[in-house]
Amino acid sequence: MNHQNHPELAEAFNKDFERTTWHDETLWFVRQKRDKAVYPIPEFQDLRTLASEIKDHTLSNLDNYLIEFEQNAIKNGVKVHWAADAAEHNQIVMDIIKSSCKVEGRNTRMVKSKSMLTEECHLNAFLQKNNIDVVDTDLGERIIQFRDEPPSHIVMPAIHLKKEDVGETFHEHLGTTKGEKDPQILTEAARQHLREKFVAADVALTGVNFAIAETGSFVVCTNEGNADLGVNLAKVHIASMGIEKMIPKLHHLSVYTRLLARSATGQPITTYTSHFTKPAEGKEMHIVIVDNGRTQQLGRADFRNSLKCIRCGACMNTCPVYRRSGGHSYDFTVPGPIGAILSPNIDLHKYSSLPFASTLCGSCSDVCPVKIDIHVQLYKWRQIVGQANELPAAKKWGMKGLAKVLSMPKVYDLGGKLARGALRVLPHGLTHNQSMNPWAKARELPDAPKQSFKEWYEENRK
Amino acid sequence: MTSREKILNSIASNKPALTTLPNVPIFEGDGSIERFKTVLEGIGGRVIEVASKADCQAAIDKYYSDLKNVASDIVKANVAVNLDTTKEILEQVDLAVIQGEIGVAENGTIWVPEINMLNRALPFITQHLVLVLDKNNIVANMQQAYNKLENVGSYGVFIAGPSKTADIEQSLVIGAHGARSMMVLIY
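Chains as they are written, first to last, in the numbering used here: chain V, 7 to 468; chain A, 9 to 195.
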């Protein structure tokens, strides 16, 4: 099947007008909660600057910090693994399970808390092929796992679904009453179902929000408590982290913990901010450090600071394009503005439409807690997409034609005159023909003026 | 070449010129009990002031008389929990009463190190959680909290209110996987 680009997938999403409006309003509500949580902090802008500078510094010395982190983690009794790409990451996880979680006569059971990295690596499918039962324990992730869908948002993975959809899914998989859609009752059903899974698990996998070089510790943030419940009941804890999660010192957490939840959901802090340093007596802790394209992005001067991202999702909640096109329209693990600057690094051809999924309004950069210049990078990726000859034909030839016309004033004047005349006489059905003029899909053209500004100026300047 | 070497070499050749690491100031702010209380109650927690640590028992008797299985090293307990307690026993705990170390007024969070937890899973698997906190250990913000925290030990968690989720249509539900309610007794 041909890969569908962002405009095609967004168009499909927009077919359900009411749902699109609801999606837009729901995410805007989260953005407003973010503002309410941010404004009372007098030093919020100072914290953003600090967060940005700490990450800049860390990236400029990342190899040494990773080595320091590794040494300290090993001293703490943690096993450290390195994976160059997704396949190696998945194999490492599999090998850890094979050597540390031997079970007889049944599949090994894994509980997982949220990890965008394992989504990126398609770990679940790989493990399930190898007879590991994987249960996502974040409520939103469990919902989409039942539905066999990817997350549509990095913080709110099931934000594309309505409670009726969840009710239907739970009726099918958890036996809740048909038609039951009360979030309280559905959450309680998931709690009961997942408690059994937590208690039965052999191995627990988590992501990593921050890794601290100075202490070899890592921090995981959740609201549900699913990460802690999983790892503290299982014998083996595996934590998967991208190389960019590093921060130098423990006290730097004081900056990021004040920014993350306020930017993400408008909460003052996540319910649980868990610091893992040493495994419990008799248990194992593993860290898998993953590259998978990140060092390549580090080498792109214009785009490297996308690696400062702390995955709060604020840029998605504020983006007028994301809100009206849905996370699945990006068809990349991380959707929204940040995904649109990360994805071309992975596959420029496949994701060539994403840097154009933006109005370049700059709202994403304004809300970013680590001050990534997202909209500037979107603009710069567009140049690269153009140079790589990855623009759709209509856009490419349209731009070339326009560039020609704009460079020849006489042709431009004549063209304007013809267009003004044509707009007055041609039927609406032709001027607003949606295949010839996609701009007119949801818009009306203004009435054509009798003369151009240039003509008016010539007449009136005396 | 191992993947470790490959990654480290690639970083060494791709990283930008070294930039300076900024100093993080200890920001000042309101570290009052009132603010702590307002913020924590705003995120679903409950705050009760008691006269002394010894009065925690009376508060537990008053608010949690309906709960059967209690684990604690602070108040009367009938479930003994330690490092070796099995999952099956932990699952039965209705109420855990645990010492918290540092409270943060700006976000209502409380630092709980492993050493206070009796068992790493207890604060999460218990149906209801009570943290006990000395009012002199409330600070204004996270800079002050990490400044006060000498080290994070083997495992430690900042806990802010009960377990919650809004994953179904952004409707807030208290009691996702962890504690269904969370109370702080301040003395």
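Wrong hints could be hidden among the right ones.
Unchecked claim - Which bits of chain V does chain A cover? Going by a derived footprint, with three or more residues having C-beta under 8 Å, they are:
hint : segment
1    : 67-74
2    : 87-97
3    : 256-266
Claimed, not checked - Here are the simulated distance ranges between beta carbons:
hint : chain 1 : residue 1 : chain 2 : residue 2 : range
4    : V       : H9        : A       : D102      : 49 to 59 Å
5    : V       : R201      : A       : L91       : 16 to 26 Å
6    : A       : S40       : V       : E49       : 17 to 27 Å
7    : V       : L180      : A       : Q100      : 46 to 56 Å
8    : V       : Q97       : A       : A62       : 55 to 65 Å
9    : A       : P24       : V       : D52       : 21 to 31 Å
10   : V       : G368      : A       : T28       : 19 to 29 Å
11   : A       : N159      : V       : E31       : 42 to 52 Å
12   : V       : R153      : A       : A62       : 29 to 39 Å
13   : A       : K143      : V       : K85       : 50 to 60 Å
14   : V       : L354      : A       : R54       : 24 to 34 Å
15   : V       : A307      : A       : N144      : 46 to 56 Å
16   : A       : T46       : V       : Q393      : 52 to 62 Å
By construction, these hints were calculated from the structure, which means they are not laboratory data. Beta carbons: idealized from backbone N, C-alpha and C, even for Gly.
Here's how the hints hold up against the structure:
1. 67-74: holds (count 5)
2. 87-97: holds (count 4)
3. 256-266: The restraint on the segment 256-266 of chain V holds, since 8 of its residues have a Cβ under 8 Å from chain A and three suffice.
4. V/H9 <-> A/D102: 49 to 59 Å: holds (53 Å)
5. V/R201 <-> A/L91: 16 to 26 Å: holds (21 Å)
6. A/S40 <-> V/E49: 17 to 27 Å: Holds, at about 18 Å.
7. V/L180 <-> A/Q100: 46 to 56 Å: violated (23 Å)
8. V/Q97 <-> A/A62: 55 to 65 Å: Given range 55 to 65 Å: holds, Cβ gap about 56 Å.
9. A/P24 <-> V/D52: 21 to 31 Å: Roughly 23 Å apart at Cβ, these two residues keep to the hinted range, so it holds.
10. V/G368 <-> A/T28: 19 to 29 Å: At roughly 27 Å between Cβ atoms, A/T28 and V/G368 fall inside 19 to 29 Å, so the hint holds.
11. A/N159 <-> V/E31: 42 to 52 Å: holds (45 Å)
12. V/R153 <-> A/A62: 29 to 39 Å: violated (53 Å)
13. A/K143 <-> V/K85: 50 to 60 Å: 42 Å Cβ-Cβ, so the 50 to 60 Å window is violated.
14. V/L354 <-> A/R54: 24 to 34 Å: violated (53 Å)
15. V/A307 <-> A/N144: 46 to 56 Å: holds (50 Å)
16. A/T46 <-> V/Q393: 52 to 62 Å: holds (55 Å)
Hint compliance for this structure: hints 7, 12, 13, 14 are broken, all remaining hints hold.
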